[in-house]
Each structure stands twice: as C-alpha cells, then as structure tokens.
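Novice: Below, each chain spelled out in residue letters.
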Amino acid sequence: MERKILEFTNLLRKAGVRVSVAEGIDAFNALDELSLDERDVFKDALRTTMVKRSDDIPTYDRLFDLFWSGFHDALREQMEQALGGMGADFDLEDLLENLRQALENMDVDLSDFAQAMLSVDINQLEQLIREAGEGAGVANIQNMLQIGFFSRRIMEQLDFEGAGGQLRELMDQLRASGMSEEELGELGQLMGAIQDAVRRSVRRFTELELDQRNHDYLERFRRESLQEKSFYNLTEEDVRKMRELVNRLAQKLKSIVSMRRKRQRRGKFDLKHTMRRNMAHGGIPFELVFRQKRKEKPKLIVLCDISSSVSNVSRFFMQFAYSLQDTFTKIRSYVFVAELGEVTQLFRDNDIYEALDQALDGGDVINPYTRSNFGMAFHIFWRDFLSTVDSRTTVVVIGDARNNYNDAKAWCVREIQKKARNLIWINPESPGAWGFGDSVMDKYLPYCDVAEECRNLKQLSRLVDHLIIR
Amino acid sequence: MKGLKMFDTVDDVEKRLLDQGYICGKNIATIVYLASKLKKPVLVEGPAGVGKTELAKVVAQALNQKLLRLQCYEGLDESKALYEWEYSKQLLYTQMLRDKIGEVIKGTTTLRDAAEKIGEQDDVFFSERFVVPRPLMTAITSEEPVLLLIDEVDKSDPEFEAFLLEVLSDFTVSIPEIGTIHAKHIPLVFLTSNDAREMTDALKRRCLHLYIDFPEEAQELEILRMKVPGIDDRLAQDLVELIQRIRGLDLKKAPSISETLDWARALMVLNADKLDEAMVSDTLNIILKHQGDIAKAQTELSKLLQQKAAAAKAEQPQQVDPPVEKKSILH
Ligand SMILES: Nc1ncnc2c1ncn2[C@@H]1O[C@H](COP(=O)(O)OP(=O)(O)OP(=O)(O)O)[C@@H](O)[C@H]1O
Ligand SMILES: [Mg+2]
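These protein sequence lines map, in sequence, to chains A and B.
Mapping of the first sequence onto this note's numbering: position 166 corresponds to residue 166, and the numbering continues sequentially without gaps.
Mapping of the second sequence onto this note's numbering: position 279 corresponds to residue 279, and the numbering continues sequentially without gaps.
Hint data in this document are derived by calculation from the structure and do not stem from the laboratory.
Where a beta carbon is used, it is the ideal one built from N, C-alpha and C, also for glycine.
Check before you lean on any hint, since a few could be wrong.
What the hints assert, rightly or not - Which residues of chain B face chain A? A few of them, derived with a C-beta cut under 7 Å, are:
| hint | residue |
| --- | --- |
| 1 | LYS37 |
| 2 | PRO158 |
| 3 | LEU251 |
| 4 | SER258 |
Whole structure, please, built from the sequences with the hints as guidance.
Specialist: Rendered as structure tokens:
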C-alpha cells in the first residue's frame with residue numbers, strides 16, 4: 001500500500017501537480033487516522049493533503065480514477081459477469097452459507113487466495129492481486145510485449161495453480177462428506193468462472209499498470225490542461241475557463257510586483273528627513289524616514305492582430321494588460337487586420353470583458369473581415385499615431401506576421417522601434433516557421449528588441465512577467 | 001466554558017455539524033475530521049457565499065470552543081493581529097509612578113546613571129500588563145482550546161502571509177521584551193479565501209486544503225428547507241432548479257447560497273407558492289448585481305417556465321387559472 005501511494009504521488013508530479021515530500025508524509029498520517037473502506041474518504045484524504053491548487057483538482061480526479069479505481073472497477077465487473085453466468089435460480093448467499101457450515105467440521109488447507117475466491121471477496125482479491133503485482137515487479141513493465149510475461153508472474157505469485165488444486169481437493173472432501181451432486185455441480189461451475197475472471201483481471205491489472213507508466217498518456221494529459229493548451233484549439237468553454245485563469249494569474253503577478261516594489265522602494269535611511277519629521281517629538285526619532293527610490297512606470301502600447309488565427313493570444317494578452325493597469329502609467333491599444341484603429345476608449349467606457357469582446361470584433365474602428373496585411377497596419381500606425389510613442393513606451397505587437405504576400409513595410413516597424421523604449425513581438429508560431437510561406441517575421445525581426453513564441457497561457461504569463469512589468 | 005469531546009469519526013463530524021444547522025457532505029466532514037486529528041490548519045477556498053466562514057463557526061459550536069476571528073484586510077499587520085503595547089496605559093503609569101521614579105533615581109548624579117537605574121526597572125513597563133492581545137495572541141495563550149478563524153486571508157498583503165506562516169508552523173510568539181510564549185493547546189485553525197490572490201505554496205504546504213464549491217441541487221434544497229422553514233415545497237424546488245441553472249450561465253458573479261436564502265425569504269414575504277415570471281423578474285436583483293447578468297437570467301427564466309408549462313400541459317391538460325395580479329413590493 002505504501003509503495004502504491006508513493007507511486008501515485010510520483011504520477012501526480014509527472015502530471016504537473018506539485019507535491020512536496022512533507023505533503024506526502026501528511027498523506028500517510030492522514031490515512032492512519034481513517035478507516036478506508038470507503039473509497040471517497042480515501043480519495044478526499046489524499047487530495048486534501050497533497051493537492052492544494054483548485055486548478056489541479058480535475059487532474060487529480062482523473063488520475064485517481066485511472067490509478068485507484070480502474071482496477072477495482074474492472075475486477076468488480078469480471079466478478080459480476082462470473083456470477084451472472086450462473087443461471088437464474090443460483091443463490092450465492094445460500095451456497096456460501098452451506099459451504100461455511102460444511103467447512104466447520106472439516107480440516108482443509110486453503111491459501112488466502114483460494115479462500116478469497118471461494119467466498120467471492122472482491123476487496124480481498126484486489127488486495128492479493130496488488131500484492132502479487134508488487135512481488136512480480138510489475139512496476140518495471142515497459143511495453144505491451146511484456147503484458148503476458150508479467151501476468152504470468154503475478155499468477156505464479158498468487159500460486160494460482162496451487163489454489164486450483166486446493167479447491168479441487170476441497171470438492172472431493174465435500175463429496176465425501178455428503179454434499180449433493182447438484183450443489184457440487186454449482187460450486188464447480190462457480191469456481192471455474194471465478195478462476196477465469198481472476199485470470200482476465202490479472203491481465204487487465206497488468207495493462208493498467210502499463211497505462212500508468214505510459215508517458216504518452218501523461219503527455220496528452222499535460223497538453224489538455226488549460227495552462228498548456230495551445231491557443232489554436234480552444235473551445236468556447238475553454239475560453240471562458242481561461243478568462244478566470246488569466247484573472248488569477250494576473251492577480252498573482254500583481255502581488256509579486258507589489259512585493260518587489262515594496263522591497264525596492266525602501267531605500268537608504270534618510271537622516272535629514274528623519275530629523276525634520278521628528279521635530280515635534282523634540283528630535284527623538286520615533287519615525288524613521290527612508291529615501292524613496294522612484295521607478296518610472298512604463299507606458300504600454302499594444303498592437304493586436306485580431307484575425308482569427310491570433311485573436312486568442314490578443315484576447316488574453318489584453319486581459320493581462322488591463323488587469324495589471326496600475327503597473328503602467330498609460331495603456332493605449334490598437335487593433336488591426338489590414339486597417340488599424342485605436343480601441344483605448346473602449347476599455348475606458350466598458351468593463352473589461354465587454355471591451356475585449358468588442359475590440360476583438362473590430363471595435364467599430366476597423367473591418368475585421370479582411371485578409372491580414374501587416375504592412376498596411378504598421379503604415380497607418382506610423383502615419384497617424386507615431387507621436388504617441390516616446391522613450392518610456394514599451395510597444396507590444398501581437399501577431400503571426402502572415403502577410404498574405406503583401407508589402408511588409410518593415411521600415412515602419414524600424415521607425416516605431418527607434419522612438420520607443422523597446423519593441424516586443426509576441427508570435428503564436430514557433431520560430432521555425434518564421435519567414436516561411438507568407439510569414440514575413442524575418443523582415444521585422446531586426447527591429448524587435450525581443451521576439452518570442454507564445455502559444456499557451458503558461459508562456460504568456462511568463463512573458464508578461466519577465467518582459468513587460470519587470 | 002469547557003470544550004466538548006473531539007470528533008470520533010467522519011460520520012460524527014457530519015452529524016454534529018448537522019446539529020448545528022450546517023449541511024455538509026462526506027468531503028467536508030473528512031477534511032474537518034483530519035484537521036482535528038492531525039492538528040493542521042485548513043485552507044478553505046471557494047466562491048463567495050458557499051459557507052466557508054460559516055463552516056468555521058459551526059465547527060467551533062459543535063466542539064463548544066470559543067471562536068476567535070481575525071478578519072484580514074489590506075494593510076493588516078503583525079501588531080493588529082498579534083499584540084500591541086498599550087502606550088497610553090504605559091504613559092499613565094509613568095505619570096502616576098512619578099514619585100516612585102524619583103526614589104529610584106535618587107542618589108544618582110549623572111543623566112547616564114539615572115537612565116541606567118530606570119533601565120533596570122524596564123520590565124515593569126514592558127510586561128504582559130501593558131500588552132493588548134489581538135486574536136492570534138489570544139488563541140495562543142488561551143487556557144481552553146479555541147478555534148481560530150483567519151477570515152479572507154487572500155485580502156491580506158503578501159508580507160502578512162509570510163508572518164502567518166511562522167505563527168502557524170510553531171504556534172509560538174516572541175515578544176522581545178517579555179520572551180517567548182508557547183501555545184498551551186494547538187488551536188484548530190481555519191483560513192478562508194475567495195481566491196482574490198493565490199496563496200503561496202509555502203502556506204499551502206502547511207495546510208490541508210478544502211475546496212467548497214456551489215452545492216449540488218439536492219444539497220442546496222436541503223439547506224434551503226432547513227434555513228427557511230415553512231417554505232412551500234414546490235417553490236423551494238423550482239427556486240433551486242432556477243438558481244442552479246442561473247449558475248450555469250456565463251455571469252460576472254454567480255448567486256451564492258446566502259443569496260438563494262435571501263431570495264427565498266423575500267418570495268415568501270410576497271406569498272409566492274410557485275415561480276411567477278413577473279415576481280421573479282422583479283426580485284432578481286436580490287441574487288444578481290450586474291445588469292447584464294440580470295438580463296441573461298431573465299431569458300433563462302422564461303425558458304425554464306416555458307419548459308415547465310409545456311411539461312405540465314403534456315402531463316395533465318386542464319384548465320389554467322387566470323393569472324393573479326401581484327404587485328411588487330420590492331424595488
Ligand atoms: N452547507 C450549509 N449549510 C447550511 N447553511 C449554509 C451552508 N452553506 C452556506 N450556508 C448559509 O450561507 C450563508 C453564507 O455563508 P458564509 O458567509 O459562510 O459564506 P462564505 O463562503 O464565507 O462567503 P464569503 O466568501 O463571501 O465570505 C451562511 O450564513 C449560511 O446561512
Ligand atoms: Mg466568509
């Protein structure tokens with residue numbers, strides 16, 4: 001059992017849930033306090049000690065089912081099938097009762113495993129198969145080809161053959177002691193069915209063990225978690241959930257920023273001001289004054305591509321930007337596909353989600369249903385809005401630079417960068433694709449202070465933290 | 001006040017909380033039970049109004065322990081949570097003891113000697129007499145076991161969280177002038193959070209984690225029946241069904257349990273015995289605060305009522321009563 005829990009802990013870690021050693025120990029302590037006949041209690045106890053982020057709960061639930069319930073359910077199903085095949089007037093309780101009475105005055109040697117089969121005790125069978133699995137080293141299974149091998153070893157560990165022999169012997173004794181042929185027939189049929197069920201279950205057990213070690217599975221799992229899910233294939237439901245997530249991440253960044261600021265702000269001890277401040281106390285320094293370090297807040301200008309291939313990156317970036325508004329003196333935002341227009345006012349007049357929806361729909365300033373033309377968009381910005389850029393401004397461009405073979409007009413980007421403090425480009429495509437096909441990213445690249453790939457929330461929040469608010 | 005016996009089993013928790021008027025599932029009961037056994041704080045997270053604060057209160061009642069509540073807010077600092085020196089009292093004593101102080105420094109000639117003499121008496125002025133304990137300190141020094149509720153910890157500053165972390169790990173307080181005080185009993189601690197800010201991993205590692213979500217339909221109905229006795233059965237059912245559906249909409253703020261209860265009470269005052277479109281529309285502002293949310297809920301309400309009407313018709317085609325005019329007394 002302990003080993004099993006450690007394994008499960010590792011599985012959680014592999015799936016990206018952070019579980020510390022101390023928390024693993026807490027889990028053991030918790031299990032000591034509980035009676036674990038109920039699966040839900042067991043599940044809650046492990047959860048409350050090891051999984052502390054609500055976002056990780058769905059991951060936990062799925063892994064728990066895979067790891068703990070998968071085999072239990074499979075075994076139960078097999079057993080039910082075995083009993084189901086017994087004919088309409090078969091009464092298990094009756095048979096077991098008769099058996100118990102007969103066994104009382106008999107001296108038979110039955111292994112735990114044989115007894116568990118005889119009494120159709122699913123929990124006991126599960127326990128024994130798991131133990132046999134450990135003995136057989138099934139944890140080392142690597143691939144499908146080994147399923148047969150490990151299943152056989154588990155059967156050996158269970159001493160499946162031996163138990164079968166014991167059961168046959170028992171039947172002989174029962175016959176000798178006068179049990180009716182009819183009942184013996186039933187018992188024989190039942191034991192046969194149960195042994196088949198166990199054989200199949202052991203195989204299933206081995207398969208599940210392999211599943212748990214299967215890295216593809218974990219990989220898929222990780223991809224599906226929203227943090228790392230690509231912006232390209234979000235469902236509407238995802239977008240809604242993500243909105244919350246962005247919000248949460250923004251709050252987190254905000255508190256990190258405020259801590260950082262507080263630390264920075266507290267400068268050197270300022271004697272002169274301390275004396276002056278404490279004149280009222282007769283010069284006794286009750287209140288100390290520290291010199292304030294003042295750091296200029298940056299201005300932010302965001303140019304968002306809102307064509308459908310990039311709109312989610314733009315959406316979440318802007319949500320970040322506006323959630324972190326107090327980090328900047330001013331945010332101005334522009335949207336473009338081919339034309340470019342300013343949507344700053346939208347964010348003043350509406351609440352953030354409303355503004356986002358409108359902005360991504362062109363915000364009444366541009367026509368969103370055209371083909372992307374970055375050259376044209378930059379040219380409009382250069383012509384009409386260049387004066388808003390100054391040496392304290394960070395300009396962020398979000399787009400895939402897929403220009404439909406139009407003129408890239410890279411010189412406009414050059415002129416913008418010249419005036420700005422820096423220019424950051426966020427591109428949902430990976431650098432390998434930059435400059436290929438109709439991508440003109442390579443033409444803009446020389447004028448970007450930073451250009452980063454960003455395709456999921458994790459990358460985006462890291463970017464926002466490192467590049468924009470630091 | 002003597003505390004009652006600790007919880008025996010998970011079921012015992014469930015039952016004793018129910019006795020206090022709190023309906024909880026196995027999940028909550030298991031974690032409360034573990035907290036009491038392992039002596040670990042519980043971090044309770046979840047949306048607003050799902051009964052996080054209430055949980056701490058009823059656990060205290062069920063154990064007959066005193067509840068000490070520390071309400072967190074931005075700017076809350078150590079001194080307000082732990083202890084403060086009572087300056088005015090110290091000053092007052094200094095005034096009143098002026099003559100005695102004169103005696104103490106009698107015979108000294110230099111300022112330095114006088115200060116030295118007074119310094120020897122320091123501990124008179126910096127003793128427990130002048131300490132005003134705040135909730136954390138009270139919890140630690142209490143003779144009886146108590147329950148400490150650190151409410152809305154997410155509203156506090158990150159610096160305060162770091163301080164809490166220390167207190168929660170060893171339950172001792174050091175007052176430089178007095179010394180270190182160790183807790184007589186490790187109190188049960190509940191921290192609640194609305195997730196305005198994510199708590200650090202360090203804090204989370206020290207706590208058991210409980211996530212309370214909006215209740216399932218059946219459980220919410222149970223809560224409603226218990227908290228609003230006498231409510232018409234059909235009204236209660238329809239109400240909860242509607243609330244559950246409203247929570248499924250894309251809202252700025254989903255209605256909480258307490259809002260469900262308020263709403264039910266309001267509808268009772270209006271003598272409602274079933275959901276009536278006009279009346280519900282007039283009172284939606286009890287459960288929803290944003291205009292956009294109210295509009296969405298209204299659409300959902302019409303849908304639900306239509307479905308219900310259609311279902312009723314299919315079941316038993318009978319004469320429909322003429323609609324009764326009911327005036328809104330709210331607004
Ligand atoms: N499980 C429950 N059983 C009975 N009553 C409940 C339950 N859950 C919530 N309530 C009722 O809902 C009210 C609101 O709960 P409470 O104030 O504890 O919510 P909260 O989660 O602390 O909210 P907030 O996050 O806004 O502080 C309580 O006063 C109580 O009447
Ligand atoms: Mg509360």
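Novice: Each hint should be assessed against the structure and marked as holding or not.
Specialist: A quick look at each hint next to the structure:
no.: 1; hint: LYS37; in the structure: holds, 4 Å
no.: 2; hint: PRO158; in the structure: holds, 5 Å
no.: 3; hint: LEU251; in the structure: violated, 11 Å
no.: 4; hint: SER258; in the structure: violated, 21 Å
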